[in-house]
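Participant: Each chain is listed here by its residues.
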Amino acid sequence: DGGITQSPKYLFRKEGQNVTLSCEQNLNHDAMYWYRQDPGQGLRLIYYSQIVNDFQKGDIAEGYSVSREKKESFPLTVTSAQKNPTAFYLCASSTISYNEQFFGPGTRLTVL
Amino acid sequence: DAKTTQPPSMDCAEGRAANLPCNHSTISGNEYVYWYRQIHSQGPQYIIHGLKNNETNEMASLIITEDRKSSTLILPHATLRDTAVYYCIVRAQTSSGTYKYIFGTGTRLKVLA
Chain Z
1 DGGITQSPKY LFRKEGQNVT LSCEQNLNHD AMYWYRQDPG QGLRLIYYSQ
51 IVNDFQKGDI AEGYSVSREK KESFPLTVTS AQKNPTAFYL CASSTISYNE
101 QFFGPGTRLT VL
Chain G
1 DAKTTQPPSM DCAEGRAANL PCNHSTISGN EYVYWYRQIH SQGPQYIIHG
51 LKNNETNEMA SLIITEDRKS STLILPHATL RDTAVYYCIV RAQTSSGTYK
101 YIFGTGTRLK VLA
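Chains as they are written, first to last, in our numbering: chain Z, 1 to 112; chain G, 1 to 113.
Next comes chain Z alone, as it looks inside the complex:
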């Protein structure tokens, strides 16, 4: 099955700890994206990448970091510098022609 996988579905961490969210796609898409969603809100762009070893900051990149060492993978690290990390995190990918984005199932992060 082609698609995007995110793991784990639920994640709990203590305040002050860094945590890495996984995102893998087997759609052979060049572009990948990370979004954050807070309750009752739309999605906000954290980071995006068009190509391996390159990525750009989105609208709310502070307190987050990413890497793109492989085309299939785009992990997101939520650092201790992120003031309000509890949220629903969504990963997406698209072809380089930037038509529809395909979204993963999301990871719900709760910081205690």
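It should be emphasised that the hints constitute simulated quantities derived from the structure, not laboratory data. A couple of the hints might just be wrong.
Residues on chain G that point at chain Z, a partial pick, calculated with CB under 8 Å [claimed, not checked]:
| # | residue |
| --- | --- |
| 1 | G15 |
| 2 | H40 |
| 3 | G43 |
| 4 | T56 |
| 5 | T98 |
Computed cross-link-like contacts, DSS-like style, restricted to lysine-lysine with a CA-CA straight-line distance of at most 25 Å [to be verified]:
| # | chain 1 | residue 1 | chain 2 | residue 2 |
| --- | --- | --- | --- | --- |
| 6 | G | K100 | Z | K57 |
| 7 | G | K100 | G | K52 |
| 8 | Z | K57 | G | K3 |
| 9 | G | K52 | G | K110 |
| 10 | Z | K71 | Z | K14 |
| 11 | G | K3 | G | K100 |
| 12 | Z | K71 | Z | K9 |
| 13 | Z | K70 | Z | K14 |
| 14 | G | K69 | G | K52 |
| 15 | G | K69 | Z | K70 |
| 16 | G | K69 | Z | K71 |
| 17 | Z | K57 | Z | K71 |
The model shown is predicted, which means the values in this text are computed figures rather than measured ones. Note that the Cβ used here is the ideal one computed from N, Cα and C, for glycine as well.
We have chain Z; now place chain G onto it with these hints.
Facilitator: Frame of chain Z; chain G shown alone:
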């Protein structure tokens, strides 16, 4: 960046057409309008997109006004499974030449039996 405005919620009777409006009055000439929907705690699902012309696919129709300042998503025969939050999104070009989606807060559509 263009932004979208949608009503926060709508109800629709099962089997009837659901018409979801969206205002995007600051949209630029080369910015596309996309529609996605999100069922609770899942990833958004693509529905349809367009630039100037009306579009139709197996899920929905998209009507864009001639001045492109607003659009309407039409679900022709709504079912209970269409209950979701519907996002009208503008795809804008960044300064680096890539594209990003600008999400609004969406419309929560409830289809009633």
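Participant: If you test the structure against every hint from before, which numbers come out violated?
Facilitator: 1, 2, 4, 9, 10, 13, 15, 16
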